[in-house]
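Undergrad: Residue numbers (the working numbering), protein chains in the order written: chain H, 1 to 97; chain L, 1 to 354.
Think of the hints as simulated: they come from the structure by calculation, not from any bench.
None of the values given here were measured: they were computed from a predicted structure.
Some clues are possibly wrong.
Said to hold, decoys possible - Taking lysine to any residue and the SDA-like style, the derived pairs with C-alpha atoms no more than 20 Å apart in a straight line are: (1) K107(L) to A287(L); (2) K164(L) to R35(H); (3) K164(L) to L44(H); (4) K164(L) to R48(H); (5) K313(L) to R35(H).
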Amino acid sequence: MTESKAGWPLYEVFVRPRRGLNHVHVGSLHAADDRMALLAARDLYTRRNEGVSLWVVRSDAITASTPDERDPFFAPSGDKVYRHPTFYDIPEDVPHI
Amino acid sequence: MVTAEVAERPGASPEEAFEAVIAAEQRIEPRDWMPDAYRATLVRQIAQHAHSEIIGMQPEGNWLTRAPSLRRKAILLAKAQDEAGHGLYLYAAAETLGVDRAELTEKLISGRQKYSSIFNYPTLTFADVGVIGWLVDGAAICNQVPLCRCSYGPYARAMVRICKEESFHQRQGYELLMTLMRGTEAQRRMVQDAVDRWWWPSLMMFGPSDAASPNTARSMAWRIKRHTNDELRQRFVDMTVPQAEHLGVTLPDPGMSWNEERGSWDFGEPDWSELNRVIQGQGPCNAQRVDRRRAAHEEGAWVREAATAYAEKRRAEAGASAGTDASTRTHAATATNAAAEPDAGTKTEQENGK
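Can you make the complete structure from the sequences, with help from the hints?
TA: So, in structure tokens, the structure goes:
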């Protein structure tokens with residue numbers, strides 16, 4: 001799926017909307033090389049000042065968790081309610097906590 | 001939290017997990033299991049939608065070189081660029097379902113996949129540019145806003161982006177028409193003539209009536225569609241009538257009247273035989289639109305080949321000189337980031353993310 005018939009690989013595009021925010025995935029595109037991917041991403045995803053910085057990453061360079069792995073993969077965080085502040089009962093009259 | 005995700009329920013079959021995600025108003029994502037028919041329906045709908053955006057550049061593109069002012073030309077150019085962008089967002093969404101964009105293009109230019117019937121009508125005057133923005137993009141917005149809540153994540157996200165941009169399309173069209181209506185008598189007649197020609201085809205954009213639309217129920221059960229064709233058509237008419245009054249044009253439907261009981265406008269039945277003819281390829285511009293698209297694709301082949309050859313040459317050069325392929329790519333990306341944003345943290349952040 002990552003090589004199109006034209007032989008151009010698929011890239012995933014990430015935009016930082018403004019300073020102080022993370023880059024966020026916005027979509028994908030095909031390009032012959034990294035430079036072309038960056039130029040196309042600018043034209044395609046930032047026509048209205050949507051970003052101050054762009055990342056393009058070849059899709060085949062991304063390692064992802066798969067749906068099959070999902071349950072056991074994320075299980076370690078599933079039963080640890082004590083990691084959340086709401087787990088702890090604190091009397092209401094204790095200030096600033 | 002993970003436990004809040006319906007799909008994660010252990011022991012559920014893929015079908016149950018899929019149904020549960022839909023029922024909980026969550027989104028299906030590309031690597032989830034989905035019924036074959038759900039995938040096929042989405043591919044067909046998203047491809048048709050993408051093709052419509054791409055073909056949709058032609059009717060208005062017809063006026064790019066003859067726009068009456070630099071202002072109108074810049075606006076029209078921006079709009080055509082948006083349509084190209086919308087097509088690409090949608091092709092990207094379709095590709096997450098396992099189809100290939102080149103394949104979809106091939107199906108479009110060989111007539112095996114359709115695009116919206118509306119783009120098979122000609123743009124005879126510059127007023128058509130305004131009416132397309134007002135009515136055609138207005139109808140598209142009615143269709144597209146509910147698609148932002150479509151159950152398939154990549155399609156819904158593409159639609160959010162598209163809807164944000166469509167609003168400009170509709171407003172520039174309406175403003176163009178207001179300008180013409182403030183002009184000479186001949187200009188006002190030009191607007192009315194364009195409205196007369198585009199009104200019924202615009203109503204047909206919502207597709208056949210509910211009775212003649214057998215796939216609607218299933219698409220609604222899957223939450224791909226949220227409203228029936230007739231519901232959306234009614235919504236469009238109700239929105240448009242006051243806009244027409246404000247503009248000072250008459251909608252070419254003598255049977256149109258306000259229905260107090262329904263709180264909606266009653267309106268006439270579009271000529272469905274015309275819609276069928278246009279869909280079957282006998283509209284005024286079907287052959288021209290597809291020929292143009294095919295020519296653009298074929299005439300652009302050398303550009304695609306040249307870009308591929310250049311990329312290969314650069315890769316070979318990079319391989320022959322110092323570093324590995326991978327490190328060259330990282331440096332290039334970092335350098336570009338640094339140029340856009342002098343932030344030394346970029347590379348570190350990338351690495352932390354791995």
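Undergrad: All the hints need checking, so say for each whether the structure fits it.
TA: We went through each hint and held it up to the structure:
no.	hint	verdict
1	K107(L) to A287(L)	holds (15 Å)
2	K164(L) to R35(H)	violated (28 Å)
3	K164(L) to L44(H)	holds (14 Å)
4	K164(L) to R48(H)	holds (11 Å)
5	K313(L) to R35(H)	holds (14 Å)
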